[in-house]
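Peer 1: Sequence:
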Amino acid sequence: MEFRNERTWQNAVELGKTEEFHAHYEAAVDKVRAEFGAKHPMIVDGQEVWADATFEDTSPADTTLVLGHFQKGTRAHAKQAIDAAKPAFPGWAATPYAERVRIVQRAADLIAERKFAYAALMSFENGKNRYEAMADVDEAADLMRWYAAEMLRNQGYEHPMGQFLPGETTRSILKPYGVWAVVAPFNFPLAIAAGMSTGALITGNTVVFKPASDTPFMGLRLGEVLREAGLPPGVFNYLTGPGNTVGQELVDNPEVDGFVFTGSRAVGVKAFETFRGNRPKPIITEMGGKNPTIVTATADVEKAALGVMRAAFGFGGQKCSACSRVLVDRSVKEAFLERLVAETQKIKVGDPTVRDVYLGPLINEAAVATYDKAIQEIKRSKGKILTGGTSGKGPGHFVAPTIVDGLPRDHRINREELFVPILSVIDVDGLDDAVRVANDVDYGLTAGIFTREPADLRRFFSEIQAGVLYANRAAGATTGAVVGVQAFGGWKMSGSSGKSAGGHYYLPQFLREQSHSEYS
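The sequence shown runs 248 to 767 under the numbering used here.
Hints may be right or wrong, so weigh each one.
What the hints assert, rightly or not - The calculated PhoX-like cross-link candidates involving lysine-lysine, where the alpha carbons are at most 25 Å apart (straight line), are:
| id | residue 1 | residue 2 |
| --- | --- | --- |
| 1 | Lys517 | Lys746 |
| 2 | Lys626 | Lys593 |
| 3 | Lys593 | Lys550 |
| 4 | Lys528 | Lys593 |
| 5 | Lys326 | Lys286 |
| 6 | Lys595 | Lys333 |
| 7 | Lys595 | Lys620 |
| 8 | Lys746 | Lys422 |
In short, the hints are calculated from the structure, not lab data.
The whole structure should be built from the sequences, with the hints applied where relevant.
Peer 2: The following block contains the structure:
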């Protein structure tokens, strides 16, 4: 099969159909709004499961808007889901890989058919504007189709081996482990959830899936399309509830054979330490970044300003790939900052379902508190706020995109991931200095550079310690990896496996090798 990216917005632009795109999205906004407020179950072994308590899923743009009531699952529910996934495993593992591929392709097609409804729901649930929400939905379908193509390309990961003795026939087969726990983040609630789940499912494992508690609705939609596509009962189980109960059971339960997680460093490190215990088991964690962009003396400052603004403030900096540090050569600092501040001040903040709004809300009160604490810290440290620095009042979690200059290089703001729209400017003296500063953090997810000097590019690609590198990318200096174009994964404390999503080496992580030898 030939893989092609979905590219909904890009296709609309190229075909002159942007008004049609907007009309479809806005119709979907009205349609999904009319469906809010219902109660939704967990799905275990293909059956609806209801807990004794529920929690409200509210919109971060308007916390008085209740999108739905979801089940507050417990450890017992997580055990129930694991107990359903375990007996479902042998049959699913024995299902021919071409049939598993067919089911995943069908699920991707269903997502593509419903893309506008899912994008509209996402705007309400996690605050993405229409363009970013659609890109998230597209990426979910892309990841499913990419992994389907990879299974076919690798013929189910079964390969003949050599012969040492007469009459000897050998082969190497990659086989699934069993039950995988999949724990997804709020920021890409369909794309990352679909990618991790598909990685486990298409390789023959069964899944117990927990979405972020801020985005259970998008997780439910994923479970629905997988079931509708023909996934047997028990192969994919959908749980909602707190991380300290449902999530902890997935980490602690010895019947879980593999664990894949995207989220914060603190949670990822704890899961990594706890899950394996005294038994070797696979765990794949993606844990964020503190991503730099280098602006050299030869940079196109207009292109650099656009790329940095988009990478720093797209979705409010709530991306593990967001640019939170810009390392600017002193010789171009004034010109670059003038342009960067001007571009940032053009950003419209507000209801993400409105066409010209670029920046919606932060995900929850805790994120706003993180932002406010950082702003106060910056002021105490005598950092200079060039624009922004304020948070709004009212029923939405809105804050202003912020640029700060003058913080010491070793300041906490320059070293820790905040996941809010705060960009720190750091002066550097040449590329040697910039590379040192870029690498001098625990993380290593993405990095960008703007330069007209080929030698700078070679040095950047050779020496930067990160998994995803971009040069002169105005569309997003450190953000915007596309499935099948840029494999996405981190080094150092940004990731545990060194194998990237949307790339050629991702699926084998969900498999283990077995050697077969026959003699005549």
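Peer 1: Each of the hints needs a verdict: does it hold here or not?
Peer 2: Tested hints:
The suggested pairing of Lys517 with Lys746 holds, with an alpha-carbon distance near 20 Å, which does not exceed 25 Å. Restraint check for Lys626 and Lys593: the C-alpha separation of about 24 Å stays at or below 25 Å, so the hint holds. As the CA atoms of Lys593 and Lys550 are separated by approximately 16 Å, the hinted pair is consistent with the 25 Å bound. Proposed proximity of Lys528 and Lys593 is contradicted: the alpha carbons are some 49 Å apart, above 25 Å.
Of the supplied pair hints, the one linking Lys326 and Lys286 holds, its CA atoms being roughly 23 Å apart against a limit of 25 Å. For a cut-off of 25 Å, the pair hint linking Lys595 to Lys333 is broken: about 49 Å separates their Cα positions. Between the alpha carbons of Lys595 and Lys620 the distance comes to roughly 23 Å, so the proposed pair stays at or under 25 Å and holds. Of the pairs offered as hints, the one joining Lys746 and Lys422 holds, with about 18 Å between alpha carbons and a cut-off of 25 Å not exceeded.
In this structure, the hints that do not hold are numbers 4 and 6, in rising order.
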